[in-house]
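Enquirer: Put together the whole structure using the sequences plus the hints.
Residue numbers (my numbering), protein chains in the order written: chain A, 1 to 235; chain B, 1 to 264.
Since the hints were made in silico from the structure, they are not lab data.
The C-beta atom is built at its ideal place from N, Cα and C for all residues, glycine as well.
Keep in mind that the hints are not guaranteed to be accurate.
Facing chain B, a subset of chain A residues (Cβ under 10 Å, in silico) [claimed, not checked]: (1) 57; (2) 59; (3) 153; (4) 187.
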Amino acid sequence: MQTATRRPTAPARNAPRGPGSAQITLAKLALFVLCLLPLGWYLNGLWHDQLGANPIEAITRASGEWTLRLLLATLAVTPLRRLTGWHWLIRLRRMLGLFVFFYASLHLATYVWLDQFFDWAAIAKDIVKRPFITVGFAAFVLLVPLAATSSNFAIRRLGGRRWQALHRSVYAIGVLAVLHFWWLVKRDVTEPLIYGLILALLLGARAWWREQERRRQLAPRAAPLGKRIIPIVQR
Amino acid sequence: APFSSIQKSPFSTDEKPTPQNSIISYNNYYEFGTSKDDPARNVGRFKTRPWTVRVEGLCAKPRTFAIDDLLKLAPIEERIYRMRCVEGWSMVIPWNGFPLASLLKQVEPLGSAKFVEFTSAADRASMPGLALPVLDWPYTEGLRLDEAMHPLTLLALGLYGEELLAQNGAPLRLVVPWKYGFKGAKSLVRIRLTDKQPGTAWNKAAPNEYGFYSNVNPEVDHPRWSQASERRLGEFGKRKTLPFNGYAEQVAKLYAGMDLRKFY
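Expert: Here it is in structure tokens:
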């Protein structure tokens, strides 16, 4: 069958074998430690007073940037799998996604605590009035159901199709997160621009592949390449 | 010591000065980069001697001053001022310098002079931030003449009893303590008296966010964030921001009858 070579359901005979479950466990452990490094770095800096003259600003900013970086890493899993054929990468994605939520929660906590000091009225006003807060808060709210449905139990409960549909909101979250950063900076948009370009690349690749897939399905199946019968259009 | 004598000033606040290390390492000086730690890191090639500043425009005696003459132009004072950044943080800085009025009087402003324009250095070879068109270089600022002549308005040449470091605007800069920090143009090369309100770098970049006056005002928010409170560096909680940064008693009368929401 022609289509069999395209997306093998079982590993092809000479395709490299994926890592075993022990190796996956090890990779997960390494990733877990890796994802905690930024937190450790900043806690250590805070303890030793090495975060500069405005440590609260440094922590607020760092927690936001690490949220964004891990979000992009999460979104990079699918394209990476596709390009490298390392399908085991999918098994690391849930942890990446949960760390996105972890750093986003820290980021929100710095705002609620260290910036607004739990002044809920002021926070509500901020969310309504200031576009960069509005989109940042929206991104966080959209993250909550994704974190809440990250377990195997939730996937079974929802059913794969519905679960996937829900989790596609991560694309919107990515856009909102970049906007949040973009609208915050005073003048120099270099950094948000870089994040925005990476996001565009990751989302663009998906759109491109989807379009390719659509065309492939539209193309006549039976005729091999080069011998296609081109229908004559009647004028 | 760089200054032979430093006089105390009744204009100084008795609030606790921000540690010197914070003042010289946490800076907004976009000509050296847009991160707070960029300026201290990137000033290595910036030369502050020899240095001259041209004072010209609508005055009887336009003149070019060398930095060493400026140091002797008037008695050096210590002025401990609050500094409120438009971004919502603040410091207390012990500046050394003299009133800008002392310099302006030297060139004898004409009756037609109504404004003062300040121009900062823009040397591509030693200021890496100029490579990005973040602002319309060179950096310019402006004051109304009565603001410029106000006794609080300072020409700073030092801080903490030492000559200014480049990241703080060496060798000389403007300090206007009742306005947001960006009004204090750094590393001045030109001061020009004019009859028209001069354009200013931040106002040109984002006119709806940064006005010509830019007086500290907790009632008038920046479009993207509140100005009601501020974080004093070194403090955990936030403080309420004061009208005119706490200098209302001395300067509010300059704006009598003006709608400060309109002239922000």
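Enquirer: For every hint, state whether the structure bears it out.
Expert: These are the hints, each one checked on the structure:
no. : hint : result
1   : 57   : holds (7 Å)
2   : 59   : violated (12 Å)
3   : 153  : violated (41 Å)
4   : 187  : holds (5 Å)
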